[in-house]
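Heads up: the protein sequence lines correspond to chains A and B, in order.
Sequential numbering from 1 applies to the first sequence in the numbering used here.
Sequential numbering from 256 applies to the second sequence in the numbering used here.
No wet-lab data here; the hints were simulated from the structure.
A virtual CB, placed ideally from N, CA and C, is assigned to each residue, including glycine.
There's no promise every hint is true.
[To be verified] Computed footprint of chain B on chain A, listed as stretches where at least three residues anywhere in the stretch have a Cβ under 8 Å from a Cβ of chain B:
no.	segment
1	82–91
2	104–110
[What the hints assert, rightly or not] Per label pair, the in silico range of CB-to-CB distance:
no.	chain 1	residue 1	chain 2	residue 2	range
3	A	Val38	B	Leu279	31 to 39 Å
4	B	Ser257	A	Arg198	24 to 32 Å
5	B	Leu279	A	Trp169	33 to 41 Å
6	B	Arg331	A	Thr116	34 to 42 Å
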Amino acid sequence: MPTYGRLKGISVSAQAITASPTRSEFLDGVRVSVPVFVASAPFAMLFGALAVDNGFSVFEAVLMSAMVFGGASQLVGIELFGHHAAGWLIVLSIFAVNFRHVLYSAAVGRYLAPWTKPQQGVAYFLLTDPQYALTETRALRHQPSFAWYMGLALPMYALWVVNTGIGAWFGTLIPDMTALGIDFLLPIYFLGLVMDFRQRPLWLPIVAISAVASVVAYRTVGSPWHVTIGGLAGVALAVIMPPRFSGVGVAEAKA
Amino acid sequence: MSSTVWIIIAAAVATYFTRIGGYLVLSRFDRIHPRVEAGLNAVPAAVLTTLVAPAVMQGGPAEWAAIIVAGVVALRGGLMSMFLAGAAVLVIARHFMT
Numbered sequence: 001m002p003t004y005g006r007l008k009g010i011s012v013s014a015q016a017i018t019a020s021p022t023r024s025e026f027l028d029g030v031r032v033s034v035p036v037f038v039a040s041a042p043f044a045m046l047f048g049a050l051a052v053d054n055g056f057s058v059f060e061a062v063l064m065s066a067m068v069f070g071g072a073s074q075l076v077g078i079e080l081f082g083h084h085a086a087g088w089l090i091v092l093s094i095f096a097v098n099f100r101h102v103l104y105s106a107a108v109g110r111y112l113a114p115w116t117k118p119q120q121g122v123a124y125f126l127l128t129d130p131q132y133a134l135t136e137t138r139a140l141r142h143q144p145s146f147a148w149y150m151g152l153a154l155p156m157y158a159l160w161v162v163n164t165g166i167g168a169w170f171g172t173l174i175p176d177m178t179a180l181g182i183d184f185l186l187p188i189y190f191l192g193l194v195m196d197f198r199q200r201p202l203w204l205p206i207v208a209i210s211a212v213a214s215v216v217a218y219r220t221v222g223s224p225w226h227v228t229i230g231g232l233a234g235v236a237l238a239v240i241m242p243p244r245f246s247g248v249g250v251a252e253a254k255a
Numbered sequence: 256m257s258s259t260v261w262i263i264i265a266a267a268v269a270t271y272f273t274r275i276g277g278y279l280v281l282s283r284f285d286r287i288h289p290r291v292e293a294g295l296n297a298v299p300a301a302v303l304t305t306l307v308a309p310a311v312m313q314g315g316p317a318e319w320a321a322i323i324v325a326g327v328v329a330l331r332g333g334l335m336s337m338f339l340a341g342a343a344v345l346v347i348a349r350h351f352m353t
């Protein structure tokens with residue numbers, strides 16, 4: 001049976017063979033971050049504009065982006081704030097929208113285990129949707145390093161905060177969102193990330209059941225719970241299927 | 256401090272808890288059961304799909320054309336090329352269809 005920190009050995013031997021410098025790992029991460037911050041820039045500006053429109057100061061808008069760093073949850077929070085919802089309800093809603101990250105941190109812990117505790121503490125703070133997905137993609141080939149992870153995360157974080165400030169300053173700077181296709185860019189990008197995992201066992205059944213469950217939940221329970229419900233449906237399928245279909249524990253069974 | 260700042264701080268703490276919570280729970284065990292590992296391997300496809308499917312269902316012909324083209328390009332090309340192809344189809348289709 002695999003242990004939680006089993007990648008430690010792989011990491012050490014990989015470093016010994018390639019001796020890859022920290023700087024090039026970092027730049028590798030920066031390169032991968034480009035499409036992400038291009039796609040998310042309009043949302044940061046939109047959040048900034050909406051936040052000011054709903055009664056936040058520019059400072060508060062920037063503070064929220066710097067501390068929460070989660071686009072969808074920030075938009076939900078500001079919407080509720082504009083409706084004068086109770087503070088605890090706003091916090092609970094943000095928690096609900098971000099609840100999917102529990103699954104991310106459970107899955108990504110395998111790759112972060114070799115790092116120091118402070119490095120892990122910072123890394124979990126920066127664990128957004130694209131950060132998680134691209135770390136999993138990286139781990140398909142080799143153990144992600146802290147330098148690579150930060151190269152990916154820091155440009156996204158810095159631009160998220162700066163673009164929030166720009167959006168807040170200029171208010172309704174973005175003219176016609178739908179004509180520019182901005183509102184649908186993130187779903188296209190997330191589809192690309194889903195496609196990256198198509199070699200994994202049970203990929204198609206998992207995608208199918210998660211798609212159906214999320215659409216049904218979206219129409220019945222409503223947003224944001226469709227994310228958690230749809231995600232858990234796909235994960236449940238992988239857990240329920242016999243291990244020979246899900247491609248784990250095969251070596252142990254033979255031995 | 257204003258009550259808005261307190262709401263932001265509470266939201267930040269709640270969000271950080273979700274980002275480290277799954278790790279804190281799992282790290283209490285030394286070994287991962289194969290079925291748990293299978294479940295963890297399913298997380299990216301399962302969760303990311305939920306960010307795509309409802310948006311596609313809510314869309315119209317322009318969004319469907321964009322998502323189909325992006326999906327086909329993703330079979331051969333990389334993430335960047337599929338993203339640019341999908342975005343281009345979306346902008347053009349919306350321009351002519353609405």
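Consistency of the hints with the structure:
no. : hint                               : in the structure
1   : 82–91                              : holds (count 3)
2   : 104–110                            : holds (count 7)
3   : A:Val38 with B:Leu279: 31 to 39 Å  : 33 Å, holds
4   : B:Ser257 with A:Arg198: 24 to 32 Å : 48 Å, violated
5   : B:Leu279 with A:Trp169: 33 to 41 Å : 38 Å, holds
6   : B:Arg331 with A:Thr116: 34 to 42 Å : 40 Å, holds
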